[in-house]
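Enquirer: These are the residues of each chain, in order.
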Amino acid sequence: MTASAERASGRPPGPKPSLKGSAARGSILADRAATAVLWGTGVLVLAILGGIIVHFAVAAWGVVSPSFIVGDPSDTELGGILPVLWNSIYMLGLTMFIAVPVGILGGIYMAEYAGENRVTSAIRFAEEAISSVPSIVVGLFGLILFVDNFRWGFTALSGALALTFFNLPLMTRLAEQALRAVPQDERSASLALGATKWQTIRHVVLPLAIPGLITGVILTAGRVFGEAAVLLFTSGIGTPPHYDFTDFDLGNPASPWSPLRPATTLSVYIWKLNSEGLGVFKNQIVDGSAAILISMVLTFNLGARFLGRLLSRRLTAA
Amino acid sequence: MAQMTAAYPARGLRARPSLTERTDLPQRVVFAAAASMIFIVALLLAFIAWQGVQLFVKDGVPVGQILSPTWQPDSTSPDVSFGLLPFIAGTVFVTVVALLISTPVSVGLALFLSEVAPRWARAIVQPALEIFVGIPSVVWGWLGITILVPFLSDTFHGDIALGLPIVGTVATIPGFLTGFSWLAGSLVLSIMIVPTITSVSYDAFRAVPQELRTGSLALGTTRWQTIRHVLIPSALTGVLTAVVLGMTRAAGEALAVQMVIGNSPSMPAAITQPVTTLTSQITLDMGNTVFGEPWQDALWTMSLVLLLMSITSVVLVRLINKRRMGA
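Going down the list, the protein sequences come from chains A and B. The numbers in the first sequence follow the numbering used here, run straight up by one, and end at 325. The numbers in the second sequence follow the numbering used here, run straight up by one, and end at 1222.
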């Protein structure tokens, strides 16, 4: 073993510890064993993730095809998942439309304005509290507030608002982190030029935080996209009908563009198929849908990483 | 506000501050956005609490009855009983076993990432963990159904004898009949909470000052001795926080657990048998009950119990961290 390798392994450089004493030998053996076990945990995680990806690639083989993606669900044949996939994307869009602006504004407050006082600590407590409330309870809250009290019924809007409630703390925290990562010097320089605090935030801090903000948005999107428990009792679990995508009348509950219609998403659809357990093709449909969910999650993650890196390189080079 | 004044000297250079500045409009807007979370929590607490007490207020069920082990919510049956104990016990037991499995692995993984892994290994494992977080819970549940449940049922179908050397068989537990079981639920959860426990304990290990490591190594200890006697003790509160957060996540998870747990509303008997939890019973029954009937009111009471559990854990995390700050 070379000296540098020894240092890399965390052992002090210099003469090797004596192997003569059995206590020393025991502790060195224990150290090696521990190192092996710790490496094992890393390998285990990769093996599980790899196994999952391979499993779904195999399970979805022969199921996922263009006609599966653009077809309508069917009781008698394999059919497709277009309406539920559309609903997942639609719900994601609607939720992010509300959650991103509010989350970023909230993040601005927490990063730029919040002082060390009771209000700030109350906001932090609320942030932690919502993050730890079970998603099914947030769904029930949406049920009682939007579906029952507001008499909206099971609608995309009820679901999107419940999802916003659930994910707002995450979006706010990620936005706060992105803004805090902007060096203080940038702010001082801008203020020294006579810019007001808000001008500094708008024209200096926010642009510099864009890579972090985008990563935050995509990470939140990944969580919104797969969420099901919040939506079971807010946006409905019925199998959607055939959608006419040329119907842009937002007030018409039959239009796939309307927020005031039930919107069963892909995740909810998987849960529903599994609990009802009907249909010859149930397993294939669930495997195919799960494979599509997983690949979307992978895309979100890799996309966030890639976009964040690309943008930060652009911005720092400029 | 103190920070705002830093910007004000600029005012002197202008003819007149704009309306936005005079009214502090941006600050008001961003404050409203952040404070909306307080509003949401208050509203959520109020609504769930109100719905949760209807079982006692409107339906006249004595509060003590929820601690009974008998769940017989059907109003046509002669002995109606709203005992929530099976669900509370199920949630606690399933969560505890999940933590017992997940904590050693996750803390080991955090130690691997912070102390052992070379840069390239970290660059692979950390993104992998992020993908874990993103995998939807229905997908975990489906994996449980298609892989774990058949495996358990095929492999351990008969009675399982727990033996000790010399003493012989100590106890036998019935085998998995269907595979849908307490253990299946705990195993699925234990994987789902790995990223939570790992990332929080990783932060705790990273926060240990480098001097403690070098100091210990300079005394001639091995890396493992340093980890055991220096790192783990100094990061203990952080690891504890991680475990509490993992526990919160596990206890609140609904769909994945409901899919593999068998949903039998009786007291948990053996780890190989079906049980149920608060979240899975709510998931199953909410759609099949009528608003305002005692059965559904009992489900709202369950969600109030869940809410109180999660608020307790937030307070617990705060207390743990306060102790760390104080020490």
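Hints are supplied without guarantee of correctness; some may be wrong.
[Stated by the list, open to error] Partner residues aside, some chain B positions facing chain A, computed with beta carbon under 8 Å:
1) Ala928
2) Ile933
3) Gly1058
4) Leu1203
5) Ser1208
6) Leu1211
7) Ile1215
8) Asn1216
Please keep in mind that the hints were generated in silico from the structure rather than gathered at the bench. Yeah, the Cβ is synthetic: ideal placement off N, Cα and C, and Gly gets one too.
Enquirer: Quick one, is the Gly1058 of chain B hint okay against chain A at 8 Å, beta carbons?
Expert: 26 Å, violated
Enquirer: Using 8 Å as the Cβ threshold, decide whether Leu1211 of chain B counts as touching chain A.
Expert: The hint is violated - Leu1211 of chain B has no Cβ within 8 Å of chain A, the shortest such distance being about 10 Å.
Enquirer: Hint Asn1216 of chain B vs chain A: min CB-CB distance below 8 Å?
Expert: 11 Å, violated
Enquirer: Measuring from the C-beta of Ile1215 of chain B to each C-beta in chain A, is the shortest one below 8 Å?
Expert: Violated. Min distance 13 Å.
Enquirer: Do the numbers back the hint for Ala928 of chain B, that is, is its least Cβ distance to chain A under 8 Å?
Expert: The hint holds - Ala928 of chain B has a Cβ within 8 Å of chain A, the shortest such distance being about 4 Å.
Enquirer: Please verify that hint: Leu1203 of chain B, Cβ, nearest Cβ of chain A, below 8 Å or not.
Expert: 10 Å, violated
Enquirer: Quick check on Ile933 of chain B please, does its C-beta sit within 8 Å of some C-beta on chain A?
Expert: 4 Å, holds
Enquirer: Holds or violated: is the Cβ of Ser1208 of chain B closer than 8 Å to a Cβ in chain A?
Expert: This hint holds: Ser1208 of chain B lies near chain A, its Cβ roughly 6 Å from the closest one there, short of 8 Å.
The structure shown violates the earlier hints numbered 3, 4, 6, 7 and 8.
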